[in-house]
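All chains should be built: construct the whole structure from the sequences, respecting the hints.
Residues per chain, in single letters:
Number of protein chains: 2
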Amino acid sequence: MELTTLEEVLAEAAKLVEPTEPEKRRVSELAARLLSACRQEFLEREGVVDVSIEGSVAKDTWVRGREEVDIFVHFTPSAGKKMLESTILSVGPRVIERLGGRHWLRYASHPYVEGAVEDIRVNIVGCFKTEPGRWISAVDRTHHHTEFVRSRITPQLRRDIRLFKGFLLGCGLYGAEIRVEGFSGYLSELLVISHGGFVDLLKSTAKWQIPAFVDLTGRVRREDASKLFPNAPLIFPDPVDPSRNVAAAVSRTRLAELILASKLFLREPSIGYFMPEAAKPSEGEAETSSSHELLGIIFRAGEKPPDILWGEIKHTMKGVSRRLLKEGFQVYRSAAAQSGGEVLLLYELSSLSLPSLGLRVGPPVWLDNAVDFVRKTLSREDRAAGPWVDGERLYALFRRRHVKADELLREWVRKGQVAISRELVDRLINAEILTSHSGLIERIRQNEGFSAFLKNFLEGIATPVRHLVKRC
Amino acid sequence: MELTTLEEVLAEAAKLVEPTEPEKRRVSELAARLLSACRQEFLEREGVVDVSIEGSVAKDTWVRGREEVDIFVHFTPSAGKKMLESTILSVGPRVIERLGGRHWLRYASHPYVEGAVEDIRVNIVGCFKTEPGRWISAVDRTHHHTEFVRSRITPQLRRDIRLFKGFLLGCGLYGAEIRVEGFSGYLSELLVISHGGFVDLLKSTAKWQIPAFVDLTGRVRREDASKLFPNAPLIFPDPVDPSRNVAAAVSRTRLAELILASKLFLREPSIGYFMPEAAKPSEGEAETSSSHELLGIIFRAGEKPPDILWGEIKHTMKGVSRRLLKEGFQVYRSAAAQSGGEVLLLYELSSLSLPSLGLRVGPPVWLDNAVDFVRKTLSREDRAAGPWVDGERLYALFRRRHVKADELLREWVRKGQVAISRELVDRLINAEILTSHSGLIERIRQNEGFSAFLKNFLEGIATPVRHLVKRC
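Residue numbers (the numbering used here), protein chains in the order written: chain A, 1 to 472; chain B, 1 to 472.
One thing to keep in mind: the hints can contain errors.
Put simply, identical chains are the same to the list, so a pair is met inside one copy or across any two.
Unchecked claim - DSS-like, lysine-lysine: derived pairs with alpha carbons at most 30 Å apart: (1) 376 - 207; (2) 227 - 455; (3) 455 - 314; (4) 455 - 376; (5) 203 - 404; (6) 376 - 203; (7) 24 - 326; (8) 203 - 81; (9) 304 - 129; (10) 376 - 227; (11) 404 - 326; (12) 455 - 318; (13) 415 - 314; (14) 314 - 326; (15) 227 - 207; (16) 314 - 404; (17) 318 - 82; (18) 207 - 404; (19) 129 - 203.
Since the hints were derived computationally from the structure, they do not count as laboratory data. The structure presented is a predicted model; accordingly, all values stated were derived computationally and were not measured.
Dropping the structure here:
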């Protein structure tokens with residue numbers, strides 16, 4: 001069945017993103033029981049002044065199948081970070097156990113307890129109850145965010161928020177974590193609220209240029225915001241705290257993908273934009289045509305919070321990319337994956353080998369160092385030709401000692417000649433550095449997660465448009 | 001013997017460039033005889049009003065070994081170009097024969113007679129005697145140039161002009177013909193006169209930036225000259241006709257080479273800068289390391305005046321270069337040679353093959369054609385990966401059908417997809433297109449001139465600094 005009209009697609013999409021009444025009831029009941037148990041256990045502890053439900057359950061804005069109950073335990077500022085931490089870590093697990101769930105620890109800006117009760121994810125988070133603007137921890141704003149959204153939401157906006165979150169999920173754009181660099185739940189809600197609905201929001205995003213600016217407070221001028229957040233591709237001042245950019249985590253690429261997805265969706269609406277599974281690779285082996293010139297780095301991930309690890313991964317990925325470029329390689333694209341305790345950094349180059357002769361670009365003849373360039377070039381052992389003059393500049397050709405990307409990378413890492421995350425230096429030194437000519441593909445297939453990632457990488461299609469590909 | 005001081009080098013150089021007294025006498029006597037014979041033969045013809053000696057012999061500024069007698073036959077403007085031409089072509093050869101010499105025809109802007117008497121080159125040129133500014137033919141200014149230089153010259157300037165011309169000859173910078181794109185005799189003389197001597201001129205040129213400006217009239221402002229000659233790397237208003245740039249033939253590269261040579265010479269004076277033979281390749285076979293990736297085009301030159309042919313050669317050379325760049329090749333350098341009736345265009349590339357996958361750079365997502373790029377990419381048969389988004393732009397990888405420079409070039413020429421000189425299209429279609437992997441080197445060695453040229457090309461050292469190379 002072809003879905004053609006926007007209304008039909010939205011009706012179909014609503015079924016995907018809207019929890020059923022029994023599903024909603026089940027989540028509400030669990031949230032109530034969890035709140036009640038937390039109140040009993042926490043309110044008698046020193047420094048605790050309140051316990052509340054926050055997040056998408058509190059706002060009734062979660063996407064079907066992605067329910068997650070956030071309980072916030074509010075401490076008085078005088079309690080201090082140490083008391084907050086020890087109370088959360090000692091009491092939190094007990095509550096989850098009481099309800100028959102499993103639990104584990106997570107670290108964001110400070111520790112919190114994560115668990116699962118009746119197969120629903122639950123988080124028990126400690127925060128300080130402060131006046132707006134006098135924030136102590138990073139999650140102290142959350143309760144105010146919940147209140148703000150609740151004060152503005154309507155049943156129609158609720159449906160549209162779920163549609164937008166479903167759209168973002170289907171397009172691979174949902175999530176503020178560093179691995180994704182996409183749109184947080186709160187930002188999604190504010191975007192829909194500020195535009196009055198899903199379709200009006202998409203009509204707007206389809207016309208955005210980067211940097212984009214949206215203000216819900218009516219009090220922030222674009223020029224001032226641009227000065228405050230000079231490199232942000234998207235600026236959305238937090239209505240709860242206008243000095244903060246709610247969209248700080250959104251990368252240029254993710255924002256551009258939203259703009260593109262909006263244009264495409266409005267021109268030809270399709271349920272595909274709401275289906276993350278449509279973006280998954282098709283069954284079967286990845287095409288591994290030898291024409292792709294791939295360089296891969298595989299190392300053990302180590303035990304780290306995802307945002308820490310992915311910060312290091314992205315920093316390292318860019319550092320290696322820049323070094324390859326500087327040496328003369330053309331880097332077509334790069335991507336990283338984490339699976340089964342291993343990290344894979346993958347680069348596609350125009351060629352895994354550099355030409356054996358390289359061009360050295362010298363100064364214009366009128367600079368003082370022009371004479372030095374002539375003398376040095378003539379005395380260098382690696383001189384292949386030159387110095388010659390073309391236009392106003394000097395040039396020379398030199399003979400490269402190493403031309404293979406994997407050998408060069410191994411040397412740069414060993415000698416500290418590439419900007420990689422300090423925490424990953426040892427792992428990089430001991431990493432497997434492989435190319436598509438040297439068994440990279442075979443090695444990747446040993447890790448199921450990498451295998452699926454490789455397949456997507458080789459197709460190389462932006463997530464929002466992946467469902468447009470005709471499958472054979 | 002090491003020459004160290006500037007004075008010693010200049011004294012040595014003066015011996016190279018200054019004709020001996022017997023040499024001067026021999027040239028003067030021949031010039032007098034030629035003038036006398038021309039007066040007898042020409043002055044009785046209709047339209048002829050005067051006969052004079054011009055050029056470096058008239059000014060006593062020729063470089064030893066490069067004597068050349070220019071006889072100018074002046075016609076009244078009313079004579080017309082046809083009469084001038086027929087008179088020169090019928091009478092000129094007779095005069096040369098009378099003196100026992102050989103002769104042949106040359107074409108510049110109009111025909112003239114070239115010959116050799118007693119092994120000295122002679123030219124018999126027709127011009128119109130006009131008021132300054134009312135020029136009819138391109139050589140009508142010449143007599144005024146001669147007069148201007150004579151009016152400003154001194155014995156010391158004469159020596160310095162010869163030194164400067166010798167310096168330009170040694171550095172491969174002398175000659176306004178299109179093949180060289182260097183400094184004419186008249187420009188050389190004006191440069192020395194305007195700076196008061198050779199060393200002061202070099203002190204000045206060593207500090208030049210491009211564009212450079214020299215005015216001897218004191219009446220031309222730099223801003224006005226820049227507007228009149230917007231792309232000229234060197235502007236020198238003709239004292240005889242300030243609306244003309246005496247340095248119009250000088251290319252950016254030749255000017256930059258003069259700047260570089262001046263700096264190097266002043267820092268470390270050497271007789272090498274005055275010795276063209278020092279710039280010649282050393283004996284023996286050219287180094288033909290396979291690491292040089294060479295693309296060569298060889299075709300028959302045809303019978304054409306050198307400036308016409310070289311205009312076509314240079315235009316074609318640039319057109320092919322641009323096309324190679326556009327396709328994705330990196331062109332390190334290019335050069336052309338003419339020898340034994342054949343022309344060779346030679347290119348050094350980073351690689352003679354392109355990667356089998358190429359990057360297609362699409363528009364930023366916010367442009368209307370972003371959607372087209374996505375759709376077209378997904379439907380293209382040559383799609384290897386993409387479309388993906390990076391930053392604000394779309395990208396894709398495509399599979400190349402042809403990757404070899406010689407095969408691509410053959411196709412472009414055949415299909416008219418490369419900007420080459422119209423007069424050379426047929427020659428290019430039938431040209432030999434060879435690479436260093438396909439017998440280019442062997443083919444080049446069949447032509448002695450090309451063989452020497454290849455050797456210089458592979459060394460790739462700018463002529464002014466070639467004598468600095470330590471020979472083994």
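Results of checking the hints against the structure:
1. Only between protomers do residue 376 and residue 207 lie at most 30 Å apart by alpha-carbon distance; the minimum there is 21 Å, versus 54 Å within a single protomer.
2. When the C-alpha separation of residue 227 and residue 455 is checked against a cutoff of 30 Å, the pair qualifies neither within a copy, at 42 Å, nor between copies, at 59 Å.
3. In this assembly of identical chains, residue 455 and residue 314 lie within 30 Å of each other by CA distance solely inside one copy; the values are 21 Å within and 49 Å between copies.
4. For the identical chains of this complex, residue 455 and residue 376 are inter-copy neighbours only, at 22 Å across copies versus 48 Å inside a copy, given an alpha-carbon limit of 30 Å.
5. Taking the shortest Cα distances, residue 203 and residue 404 never come within 30 Å of each other, neither inside one copy (48 Å) nor across copies (47 Å).
6. With identical chains, the CA atoms of residue 376 and residue 203 are at most 30 Å apart between copies only, with a shortest distance of 23 Å across copies and 60 Å within one.
7. Proximity of residue 24 to residue 326 under the C-alpha cut-off of 30 Å is found in neither arrangement, the shortest distances being 55 Å within a copy and 59 Å between copies.
8. Taking the closest pair of Cα atoms, residue 203 and residue 81 never come within 30 Å of each other, the shortest separation being 44 Å inside a single copy and 73 Å across copies.
9. Taking the shortest Cα distances, residue 304 and residue 129 sit within 30 Å of each other inside one copy (29 Å), while across copies they are farther apart (92 Å).
10. In this homomeric assembly, residue 376 and residue 227 never come within 30 Å of each other (Cα to Cα): the closest approach is 46 Å inside a single copy and 39 Å across copies.
11. Taking the shortest Cα distances, residue 404 and residue 326 sit within 30 Å of each other both inside one copy (14 Å) and across copies (26 Å).
12. Taking the shortest alpha-carbon separations for residue 455 and residue 318, only the intra-copy value of 22 Å comes in at or below 30 Å, while the best inter-copy value is 43 Å.
13. Taking the shortest Cα distances, residue 415 and residue 314 sit within 30 Å of each other inside one copy (21 Å), while across copies they are farther apart (46 Å).
14. In the homo-oligomer, the alpha carbons of residue 314 and residue 326 lie at most 30 Å apart inside one protomer (18 Å), although the nearest pairing across protomers, at 33 Å, exceeds that limit.
15. In this assembly of identical chains, the alpha carbons of residue 227 and residue 207 lie at most 30 Å apart only when taken from the same copy (23 Å versus 43 Å across copies).
16. Taking CA atoms no more than 30 Å apart as the test, residue 314 paired with residue 404 passes inside one copy only; the shortest distance there is 23 Å, against 37 Å between copies.
17. In this assembly of identical chains, the alpha carbons of residue 318 and residue 82 never lie at most 30 Å apart, being 37 Å within a copy and 72 Å across copies at closest.
18. In this assembly of identical chains, the alpha carbons of residue 207 and residue 404 never lie at most 30 Å apart, being 44 Å within a copy and 42 Å across copies at closest.
19. In this homomeric assembly, residue 129 and residue 203 never come within 30 Å of each other (Cα to Cα): the closest approach is 39 Å inside a single copy and 77 Å across copies.
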